[in-house]
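*Asks:* Counting in numbering that gives the first Met the number 0, the sequence shown runs from 0 upward without gaps.
Hints were generated in silico from the structure; no laboratory data involved.
One or more hints might be untrue.
[What the hints assert, rightly or not] In silico DSBU-like pairs for lysine-lysine, Cα to Cα no more than 35 Å straight-line: (1) K142 with K190; (2) K190 with K214; (3) K190 with K213.
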Amino acid sequence: MDAPVLEPLPDYRAYPPDEMEARARAFHEDLRRRRTVRDFAPTPVPRAVIEQALLAAGTAPSGANLQPWHFTVIEDPAVKRRIREAAEVEEREFYSGGAPQEWLDALAPLGTDEHKPFLETAPVLIAIFAQRFGILPDGRRAKHYYVPESVGIATGFLIAALHHAGLATLTHTPSPMGFLNEICGRPESEKPTILLVVGYPVEGCTVPRHGGLKKPLGEIASWI
0 MDAPVLEPLP
10 DYRAYPPDEM
20 EARARAFHED
30 LRRRRTVRDF
40 APTPVPRAVI
50 EQALLAAGTA
60 PSGANLQPWH
70 FTVIEDPAVK
80 RRIREAAEVE
90 EREFYSGGAP
100 QEWLDALAPL
110 GTDEHKPFLE
120 TAPVLIAIFA
130 QRFGILPDGR
140 RAKHYYVPES
150 VGIATGFLIA
160 ALHHAGLATL
170 THTPSPMGFL
180 NEICGRPESE
190 KPTILLVVGY
200 PVEGCTVPRH
210 GGLKKPLGEI
220 ASWI
């Protein structure tokens with residue numbers, strides 16, 4: 000095996016402690032404004048904004064730097080309609096007995112049901128696929144490592160980037176999601192993980208008060 004080619008750490012920037020805290024605080028305050036939205040305006044989103052957010056997602060760390068993700072951006076109204084119809088088939092099954100009552104009870108304060116109009120009204124859908132393996136130039140399979148973790152981190156980067164740009168998002172996860180492979184033309188080796196709904200909130204948009212409650216630091220972190 001060839002030795003890795005090393006280079007100096009590019010463009011690392013160190014800050015004085017006070018500035019570090021201020022930057023961390025500002026980032027937290029910006030993300031605190033983020034809320035999951037289910038009512039989207041049909042206003043088009045500039046393609047360049049989506050492209051830059053996807054490039055930000057692509058900087059995420061991944062197992063062996065194999066970047067086991069693919070993002071399919073859907074804007075075509077006919078394709079969005081197909082996705083909505085297929086998703087609502089799964090959602091009807093979920094809400095009519097496919098899900099444990101405990102899960103349904105947890106969702107009740109959010110007011111969700113099998114109807115998903117946002118899949119058509121939002122200007123952009125991003126189907127996020129996890130690649131179980133890659134294909135080398137000679138056709139052989141290349142195993143990917145820590146795939147769920149890697150895709151989850153990249154998805155978090157993407158959501159943060161879209162919020163930072165001024166867009167709202169919704170993480171939609173109909174189960175199962177195999178219909179996305181067919182509609183998006185993705186191979187069976189890729190597993191759809193999230194359908195990210197992206198756009199501007201409709202004027203007068205409301206969100207559940209319950210959804211804004213976040214655990215305090217003492218409940219999500221500890222020092223030892």
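*Asks:* Which of the numbered hints above does this structure break?
*Replies:* The structure conflicts with no hint, since it agrees with every one listed earlier.
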